Structure formats: structure tokens, C-alpha cells
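Chemist: Chain by chain, the residues:
4 protein chains.
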Amino acid sequence: MTRPELIRIGVIGCGYWGPKHVRVFSEIANSSVTMVSDLREERLDHVRERYPGTRTTKDYRDLWNPDVEAVVIATPVSTHYTLAKEALLAGKHVLIEKPISFTSAEGEELVELADRYNRTLMVGHTFEYNPAVEYLRDYLASGKLGKLYYISGTRVNLGIFQKDINVMWDLAPHDLSILLFVLGMSPISVSASGQAYVQENIHDVAYLTLHFPGKVLAHIRVSWLDPCKIRRLTVVGSKKMIVYDDVEPTEKIKIYDKGVDVPPYSDTLEEFHLSYRYGDITTPHISLAEPLKLECEHFLHCIATGETPRSDGHSGVEVVRILEVAQRSLSNGSMQEPVR
Amino acid sequence: MTRPELIRIGVIGCGYWGPKHVRVFSEIANSSVTMVSDLREERLDHVRERYPGTRTTKDYRDLWNPDVEAVVIATPVSTHYTLAKEALLAGKHVLIEKPISFTSAEGEELVELADRYNRTLMVGHTFEYNPAVEYLRDYLASGKLGKLYYISGTRVNLGIFQKDINVMWDLAPHDLSILLFVLGMSPISVSASGQAYVQENIHDVAYLTLHFPGKVLAHIRVSWLDPCKIRRLTVVGSKKMIVYDDVEPTEKIKIYDKGVDVPPYSDTLEEFHLSYRYGDITTPHISLAEPLKLECEHFLHCIATGETPRSDGHSGVEVVRILEVAQRSLSNGSMQEPVR
Amino acid sequence: MTRPELIRIGVIGCGYWGPKHVRVFSEIANSSVTMVSDLREERLDHVRERYPGTRTTKDYRDLWNPDVEAVVIATPVSTHYTLAKEALLAGKHVLIEKPISFTSAEGEELVELADRYNRTLMVGHTFEYNPAVEYLRDYLASGKLGKLYYISGTRVNLGIFQKDINVMWDLAPHDLSILLFVLGMSPISVSASGQAYVQENIHDVAYLTLHFPGKVLAHIRVSWLDPCKIRRLTVVGSKKMIVYDDVEPTEKIKIYDKGVDVPPYSDTLEEFHLSYRYGDITTPHISLAEPLKLECEHFLHCIATGETPRSDGHSGVEVVRILEVAQRSLSNGSMQEPVR
Amino acid sequence: MTRPELIRIGVIGCGYWGPKHVRVFSEIANSSVTMVSDLREERLDHVRERYPGTRTTKDYRDLWNPDVEAVVIATPVSTHYTLAKEALLAGKHVLIEKPISFTSAEGEELVELADRYNRTLMVGHTFEYNPAVEYLRDYLASGKLGKLYYISGTRVNLGIFQKDINVMWDLAPHDLSILLFVLGMSPISVSASGQAYVQENIHDVAYLTLHFPGKVLAHIRVSWLDPCKIRRLTVVGSKKMIVYDDVEPTEKIKIYDKGVDVPPYSDTLEEFHLSYRYGDITTPHISLAEPLKLECEHFLHCIATGETPRSDGHSGVEVVRILEVAQRSLSNGSMQEPVR
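Chains as they are written, first to last, in our numbering: chain A, 743 to 1082; chain B, 743 to 1082; chain C, 743 to 1082; chain D, 743 to 1082.
One thing to keep in mind: the hints can contain errors.
For chains that are exact copies, the list does not tell them apart, and a pair is met inside one copy or across any two.
[As the list claims (entries may be wrong)] Cross-link-like lysine to any residue pairs, in silico, SDA-like; alpha carbons within 20 Å at most:
id : residue 1 : residue 2
1  : Lys982    : Gln941
2  : Lys981    : Asn860
3  : Lys957    : Lys982
4  : Lys982    : Ile1028
5  : Lys957    : Met1077
6  : Lys981    : Ala938
7  : Lys889    : Gly901
8  : Lys1035   : Thr992
9  : Lys905    : Pro808
10 : Lys981    : Gln937
11 : Lys827    : Leu922
12 : Lys957    : Glu1032
13 : Lys982    : Phe903
14 : Lys762    : Gly885
15 : Lys971    : Ile749
16 : Lys982    : Leu882
FYI, nobody ran anything at the bench for these hints, they're computed from the structure.
If you're wondering where the values come from, they're calculated on a predicted model, not measured in any experiment.
Kindly generate the complete structure, drawing on both the sequences and the hints.
Modeler: Have a look at this one:
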């Protein structure tokens, strides 16, 4: 029995993310994974064993055939541009792991190509599909937080060390895509500091400071060299404060009804008193749906309808542009650099 | 019955720290608190009620009499220099709350005065007397941590807002004194970023990055605007990693037997593999003795023996020197500034 | 300057609780601690050093003089009855540590004496004055919890071992007084099991099961032999569930908007489905006021007004009555025993 | 390509546990899942979609053919006996979910059948294959814990309500199998109390007390009606104490170097002092291997070698025997009942 409405997916790269995409697109009712490619034979053996219906190949060009409508690119970053370009030229829709490319120029070229050929180009900013992040965005948009002051994030663990990118290019795209998505604006300037310990010239520890319009500050700490896995974002506003802890199994978001009101006016310093408010904490119920599954479903939806994906090529390029500037600061004594 | 060996203490300032000093010096067997001064009558009433044997005054100069041998200065920072100078000129030993002064020049003058008059001058870097911090220092000195890579600290809460100093001058002295004490060296350069939200021009959020010799990096986050009280220091070395969490009631230090060994050599990138070690966690028993009490006992011991205090004037000045440089960076687009 | 309105307190016993009472009654504006008695000279030395205005004695009978209007009895349980009786006969108001007495008969005699001489008799059920426990009671009374199902409590730590009472008599009075206060009813039957390990015949581990009217079940675990300090009560109702964790510094109460609705009717077992609700969690702001201080203020208030204390002699006797029955079960193969 | 050495598995029941077995036996290299049966068509559809190579049937008797060598029985408890008996008579090896049967008599009959036909009969006591539980057993056996005093366990959550068994039969088999495995002995007597709230006559809350030889006490709390998922076992010995928290992602076992030494002799009660020891905490590295996978591999190993499984039929019957006695106590006013 053929199901013509099934969207046929090919996956390039079977390292960390590839197998997850194979699993998820296999589970989703209206897609099937028809082909998988990787350079390593044992990875392909593994795929065939678990997914007998999926064909495998060491040559990714085999995916440019009609049995594949859309490809997932889950290879090292240095190959993203070339693979995505070929895929688009072959008429495929493309879901590409973050960061979209090594340079913003390459990313922009991919965006143009997708436009020209009318293909869906989406970046794997998984967190934009995370129900907790959606909650954050809605909460800020609602005004309940008051005026947004600052966001402080930590994304550290004893890591999977990358060889072609440093920790900032590896982990910070998550936080940057969250910031762009939640704030709906781009930073004015960025500075970065860090150090390379385990591998020469590849930073395994980095700190980013981002200045946004309206005095909004964001700070991100990323590290592959930390004993604890921490995935935590603190969002501070004039009325409420939120902690989003992605490591918590169920209580991911906590809203603190605390804040500090400054009296608008005081005659003398002695009269000056800060009034404190300290109140309830609320842990809203957040859907436990798997973000990667929501992301993949969104990709299929955009292919079917022609809609622009939430994490489209433009947002992928914007993340790379910020990383480029941050990289310049990192190599430049932590100078604060304008983003544009 | 007179006890001639009792050291007679005077305390100037009854805000946050003063009453703690009154309590602790009252509890210690070989000291007594003979006088307390504050500008606010109701604070003095309060002291008299709890300590009927202690005299009070609104004029701190009343403490320059023979009934007081040593003074604790626990007033706003802007008054430290003047009060400490007068006290030393009046022949008193001085324990001064951190930071020692507003400028390093003032601090140096106090150090010289104390030298000239042969008085004990000590700064209230409480954490240097904290058993957990002593454990950290001994652990690093023992070589068990391997080569020290970096230290990341967080000291945040919904704060007591200061009016004459920003959050960096208020909270970072704790971390800086810990770093100087544990590392036994000074930073080469510092950069700082942050923002002022609640009070104009008084930063309530700040991030410091310090570069030490030997590629050692330290990063400190301080904030008066955070929903959670966090007091956490992560120390990462080539062999072990330590988390020091001062908010934990008993399990303050955790030692992680994790680390990453890089193979010294590999022919090709493909061969390149990082070997992971992941092992036991140890939570050593740390004495629960009150750090402030240990600090005050050390002060009395130094007075009695003429020994130089652990947290002497020099270390107080060093902390201020770093803060001065960090302040320059904060006002200067986060430029990395040399410390000397 | 005499302050005639000050209520003059005497404290008998300077072990664990006595010094806390001395401190609190000294801090409260309308009371003063005039006398303290203990059999150990060094404990009295200690009191005199910290409270120069307080007289001390090794003979508790010295407190039966007009300088003492009310006494706190904080001695081993075996002495409670004798001391309280003498105090009431001497015309003193009495605040007695829990449990009120070794037998309910003795406790009842104290209640009668207090009635006859028109004195305030109060038991130190501190938790009845704990804002978190008051919150629990109000929440249940409001009906928001739905029908109350059951309460499960844990009160364990590596303990201060008592010599004249077992762990059940030492720790369970807290939970029993909470249950009586929050539920407003007494149990129908009790069973208890446990074991004595460290000291012969003195149980250091015990489990109590209490059956209340309306199918309400309560279960309490107490132990002096546990590596962790746990003070936790789970209250489960048909609409909400509450966890009260007294070890948490600020987030003591968490209300879970979870529950299980059973469909009223289902044709076949296959149709049978339980519907789950899973929702928000709320952590209400609870006052951090010290329960012992609230308790002592309530004692002074009752003395001044003649009001009956919340934790009066009757509730003290009720707790002892339950302990007597539980002790019978403990010695009797955990038989379920009727409380009355 | 046929692989003759593959052991061909059939799975009966696709509710909670069945699909897990299908997944795990599919992943293990030397087994394949050839058939799956369930009464619900949609469950079978689901299996076929994910495992195209697996045949499905609504009639479990279809599994008594040569394509199936061993069956997993993951159906409601009431059907265990009948299904297992038929399977053994058909010459299949049997892995049966816990509890093995509704009555110990039925369980014993299955043991005899397996013996007579020389088939492997194993019960799904997963926790016996959990590396943390193995660590516990080895630690106790090593003598490092000192004399074992008592074990206290909690296994609660907002549950999946069963319809044919109560919470004790559903959850306590885990704890009972852990106790039998770790202690290597059976209890002398058992008592149980509890209550049925959501479904009539089906207890959703229960407490078990077990007395073992040598004054060893065990207590287990199980509930389907608790807001938090707790999986915690505290093991207290004369030298060390261990907490095993299965909800912790990595720090599952904590060993507390605390203990209480009683002085062997003291003249008077006044002289009596308990000496406390309080020391380090160790969190040993525990393998994160999936217990169900280890269990299934053990099953395959026993089939191949003829070895007796760790969790063999006898241990399955022993768990049921204890549950039967506990059930009697539950219906009998919590009477303490002898196990044999």
C-alpha cells in the first residue's frame, strides 16, 4: 500500500543529531526516512539494522534522486554550506543543523538559493520549538514581566568536544536563537572572552555579553569543561523574574513574584528607601512534548503549505552574524564590537 | 572580678555588619565590646537593650579613649578612610569592613599609618576565614586538582541595594579576596560589563572577567536583581573539578573525579579522540564553624601576638586596585584593562 | 526605670530548648527573663555571661517567688509533671515543652490544676505557631484541597538521642500536634512499629499509622538514625496535593494542581479510563517569622487576656493519649489499637 | 541472510511493559522479535509500523509455533499463570513481568513446570539488574556498612492506576525483590496498612513493615496518589548510611560516613554520652547502562547456557508469598503476620 502523501526524507550525517532525526521522522505519521548517508560504514550498518526499510549510502549525492524530497544536514559545520547548496540546486527542501554555516555570507547565499528555487530552508534551532521557550516568549509579550531588564544564561557540561568549532559556535547558537526568538530584536553590540585548555586554539570556555536596545543586557556562559550539566536562563523584569531550567524534568519554568520598586522621588539620601516585594512562586504546567518532534513536524508543515519556517534561513544567518562578531571580540581582547 | 586580659572592642556603625561584630566579640571569651557608635538613636537603643554592659554614642570620636583598644569600622565605604585614619592616629587597632577604601591610594595610606604606629590593620574579607575556602586553597596547593584551568563564580540574590557603591563594589570583594587567597597571585588584566536598572548610574548587575598568569581565567557574576540566592564557585582543573556552594547547609564542597585527557599526539583528525574520565564524587566534611567568629578570633590573635593578619591591609588594597580597574572597564565599553 | 507591664519569666532547664526560650523572651519587648535554673553550674555560668541581668539558681524552687510570674519548663519529660504541678500550686503560669507529661493521667491533673487556680497552661507545640502550618490548616478549611485523602510525614535526621524517651515520644509530638491542629479531629485508632538499635529498649526508628474519621489516613516516619535531615509532610486531597517541606529555606509549601478524577460510571472494564489532571504548581509566600517567637508572644497574650491558648493543656493531653496507645501497639506486635 | 544463532522472541501484551521489551530485544544483537500479540488492533498496528519485520496477532496461541523460542508475558497479572503455563507446555522459555502470579501456589506450579520441561523461567524483577542495586548488594556484603540496622523505602507518584491489582501488588514487588536480593534473606513477619480512595476496594496507598532476622527492619511506602515521583531507599548501618535515589539522573548512590558509637558502658545516666561521628559523603560512579537491557541480555544468556536466572521463578514466588501475607494484614487491621 503506497501512501502518496508521505514526505520522503533523506538524512546526511549519522553522528550526534542525525540518528535523532531518523528516529523522529520515522515516528511521524506523514513522513518516512528513505535514505541515510554517512562516510562511516559502521554507522550505516547500524541504521540498516534498526530501520530495515531505509536505504544507506556513503555518497551523499545518492540523495539527489526523486526518492528524497527533503534532506536533513547533520554533518560538521564546515560542510553545511556545500551540502545545502547542492541539495537546494537538486530541488530538495533543507533542514540544516545549527549553525547554518561558517560565515554569514555563505548563509545568505543559501537563503537566496532557497528563495529562487522556492524551497523550504529551515535551521535546527530546536529551542524555538521548545514549549518552555514558547512560554517565555508569550510571557514577555504579555507584559506581565514588566520592563525587561536582563537575561543571564548558563549552558555548561563536561562536554562532547568538537574539533572544527569552539564551544561558542557549538553551544551558544542555542542561546542566541532563544534570545532572538524571545526578544524579537537583534543585539547592538557583543563582547566575548574565554580560553582554550584541552585543545590548542579551540576555546572550551567562553562568556558572551550582548547589549540590546532599551538597555537590555544578555550574558551567556558556555563551557565543555564543567562538572555539572546546567541549562539555565534567568530573565529579570521590573515586575517578575523567571528561571527556566531545562535540566528539571517537569518544573522547567518558575515565575517569581518578586521585584523592586524604586520610589519615584526622594528628598534626601536618608529618606531613600527601596521597597521590596516578595511574593508567590508559580510553576506553570509546560507541555512535555519533544521539541525535536515539534521542529520536524513544523518542517513538514512548511513544505506542505509553503509557509516560512519559524527558524528560517534569515534567523540562521542572524545567529551566525552574531557569532562572527563575538569571535572577533574573542580574538581581540574582549573588545565590545558592533553587530552591524 | 576584673579580667585584665580582655581586649576591649569598639564598633562604629550598626547597619548590616556592625551588630554581627557586636554579637561575635561579645561571645568570644577574651574580648568585650565596650562601646558602639551610630548616627541613629534607635540603633543605639537597640544595642543597649541587648547588651546592657555596652556604652553607646552618636559621636564616634568618643571611641578614641582608653576603654577601647581596637575598633571595627562597619560604616558606608565612603567613610572608611577617614574613620580608619583617625582610629590609627588615636592608637587603635583596626578591623575594617571590605572594601577597605574607595581608592587604592587611600588604602595604601592606611597601610603605611598602621606600619608606622605598629597597629594591627585587618580587612573583613570573611571568606578567607571560611573553612570551605581554606579547603579549596589547600586542595589546589596539594596538586590534586592538576593544572588549574579556570574559576567561574556567581554571587546573586534579590538584594540589599547599596546607595554609595554599585553591586560590583558591594559583592565582588568577596570573590576577589577568595581568588587572591586561593590562587596566591594577582590578575594581569580585568574587564567588566553590566547595567544599572533600579537606581540611576548604580550598576545592579555586573560581570567580571579576570586573566591570571598561566592562562588561568576567572569570571564572576554579581547581581542584586536575581530571584534566587546563589553563592557558587566552580573550580576546574586538569584532573578534578570542584563546586563550592555556600548556600548548601552542609554539603558545601563537591569534588568531581572527572576530567578530560587529550591524547598527546594523533596522526589524523579522524584518529583524534578525546578520552573521557567520569568517576566518583566526594563531599568532604567541612567544619561548620562560623567564619566571622574565626575572623574575629584571628584579629584578636594578631593584636596579642603582633602577627600580620591573613587579610591584612595589603590584600585589602589589592582588592580595591582590581575594583578600580574593573570600574574603568565598566565605564569604558568593557575594555580589557591591565591591572598594573 | 521600672516597666510594670513587663511579664517576668523564669526558665527551668538549660538543655536544648531552654536557652532558646531565654533568648526569645529576652527579645520580646513586653517580657523579661528574671531567673533561670539548671542543675549544671556551667550552663548557669553560660546564661549569666550572655544575660547579665538574669539571676540563676540550681534550685528550681527559687523560681516560686514573686519575681517570676510565669515559668517555662524545658527539662526531661520525666520531670514535667512534678515541676508543672509545683509551679501551678505556686501560682505561676506555665509553658511546658512537649510532650506535656509521661502519662495522660498526669497531664489531665495539670489541666485541672490550671483551671482551678485560673492560670494559663500552654504546651510548646511550636508547629501550631508555624506560619506554614497555619497556611495548611486554612487551605484545608477553605475546601480548595477537595476531600482530604491522606497525610504522610517524615521527620528524621542523625539525631540527638534522648535517654528517657524513645524517638516516637521525642519527635512524633510535633506531627501529632500538627495533625490535630490541621484536621481538627482525633484519630480513631493507631498502630506503631519500630526498632531500638543504638540504645537498648529505646526505639530510635518508628512508624505510626493513624486512622481518622472519614477514611482519612495519616502515616508518620520518625528516626534518629537517618543521614539526611528531612521534615516533610505530604497532604493529598481529591483536588490538590500539598508538600510542606520545613527544611526548605523559603519555598516551604508547594501546592500541586494535580488530581485524578474517576469517571462515575463505566460499562466495561475496557472502557474504564482514569482521567488525569496535571497542572500548575504554586509556592505561596509564607511569612518567615520565627515560630518560637510567635508561640511565646501568644503565651504572653493569653496571660494578659485570660484567653485559652491554641496549644492548651487539653491538646497536650490528647497528644500524650495518642502516644500511649501507639506505645502499646509498639510493644504489642504493631496491633492496631483504638485511641479511646 | 539468516543468522541461526539469533534467539527468536515473542511478546504477549503491548501495554506499558510490552513495547519496552520489543524495543530492547530488537536492539540486542543476538535476539529478534518475531511475533507480538495483543487484544487491541491499534496496538498491533502501532507495532507493525515501527517494526515492519515483526508479525502480529490477536491470538496469543499463534506464538506457540517454532518461530518463537521464548516469550515475554507482559499482560495483566490475572492472566500470568495461564499464559505462562501454556507457554511452558508449548516448550517456550518464559520471561514474565512481576509479580509472577496472583497466588504463590500458581507460581510454584510454574516453577515445577519449568523444571520438568527444562525451560528458563525468569521474572522481570528489573531492579535486580540495576547497577545501583548491585552496588548496594556488594557494599553490604563487603561489611563496610557495619551491622545493617534498617531500610526505609519510598516509591510513590501520581500513578498509572491498575484495575486488577492494588498499589501494593503493583509497586512493592520492586522493593521486595530489591530487599531479597540485597539482604539475601526472607522476612519473618509482615504488616501492612493503607487505604483505597480513587477506586473502590483497590488500595492506592499502602505501608509495609517487614521484620527480618537479626532485628533488621524494612519499611516501604507505596502510593499512586503523590504529587512527586520519589524512588528512594535509605539503608542504615552501624558504620555507614546509604541513600539510593533512583530519580537522580547521575548521583544515584550517596554513602554517608556518619554513624553513632554508643559507649559500651557508663556508670550513671548523667555520664551517658553518645559520641557522634560525622564525616565525608561519597557518590560512587554507577554505570548508566539500562537495567531492562541487562535483564534481557541475562535472559538470553540463561537460555543459551542453561544457567539459573538471578531473578528465577523461586524469587518470583517468594515475592508473591510476602505480598499474600501483607494482603492478609491489610485486610486484617494491620496485624503483624508471620511469612511462613
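Chemist: Please go over all the hints and tell whether each is borne out by the structure.
Modeler: Here is how each hint holds up against the structure:
Only between protomers do Lys982 and Gln941 lie at most 20 Å apart by alpha-carbon distance; the minimum there is 17 Å, versus 41 Å within a single protomer. For a Cα distance limit of 20 Å, the shortest separation of Lys981 from Asn860 qualifies neither inside one copy, at 44 Å, nor across copies, at 53 Å. Taking the closest pair of Cα atoms, Lys957 and Lys982 come within 20 Å of each other only inside a single copy of the chain (17 Å); across copies the shortest separation is 39 Å, beyond that limit. Taking CA atoms no more than 20 Å apart as the test, Lys982 paired with Ile1028 passes in both settings, with 18 Å inside one copy and 18 Å between copies.
Taking CA atoms no more than 20 Å apart as the test, Lys957 paired with Met1077 passes in both settings, with 18 Å inside one copy and 18 Å between copies. For the homomeric pair Lys981 and Ala938, the shortest alpha-carbon distance between copies (16 Å) is at most 20 Å, but the shortest distance inside one copy (39 Å) is not. In this assembly of identical chains, Lys889 and Gly901 lie within 20 Å of each other by CA distance solely across copies; the values are 18 Å between and 36 Å within a copy. In this assembly of identical chains, Lys1035 and Thr992 lie within 20 Å of each other by CA distance solely inside one copy; the values are 18 Å within and 26 Å between copies.
Taking the shortest Cα distances, Lys905 and Pro808 never come within 20 Å of each other, neither inside one copy (34 Å) nor across copies (51 Å). When the C-alpha separation of Lys981 and Gln937 is checked against a cutoff of 20 Å, the pair qualifies only between copies, where the shortest distance is 17 Å, while the shortest distance within a copy is 37 Å. Taking the shortest Cα distances, Lys827 and Leu922 never come within 20 Å of each other, neither inside one copy (25 Å) nor across copies (53 Å). With identical chains, the CA atoms of Lys957 and Glu1032 are never at most 20 Å apart, being 34 Å at best within one copy and 40 Å at best between copies.
For a Cα distance limit of 20 Å, the shortest separation of Lys982 from Phe903 across copies, 18 Å, qualifies, whereas the shortest one inside one copy, 37 Å, does not. Taking CA atoms no more than 20 Å apart as the test, Lys762 paired with Gly885 passes in neither setting, with 36 Å inside one copy and 42 Å between copies. Proximity of Lys971 and Ile749 under a CA criterion of 20 Å is satisfied in neither setting, with 36 Å inside one chain copy and 39 Å between copies. Taking identical chains as interchangeable, the C-alpha atoms of Lys982 and Leu882 lie at most 20 Å apart only when both belong to the same chain, with a minimum of 10 Å there against 29 Å between chains.
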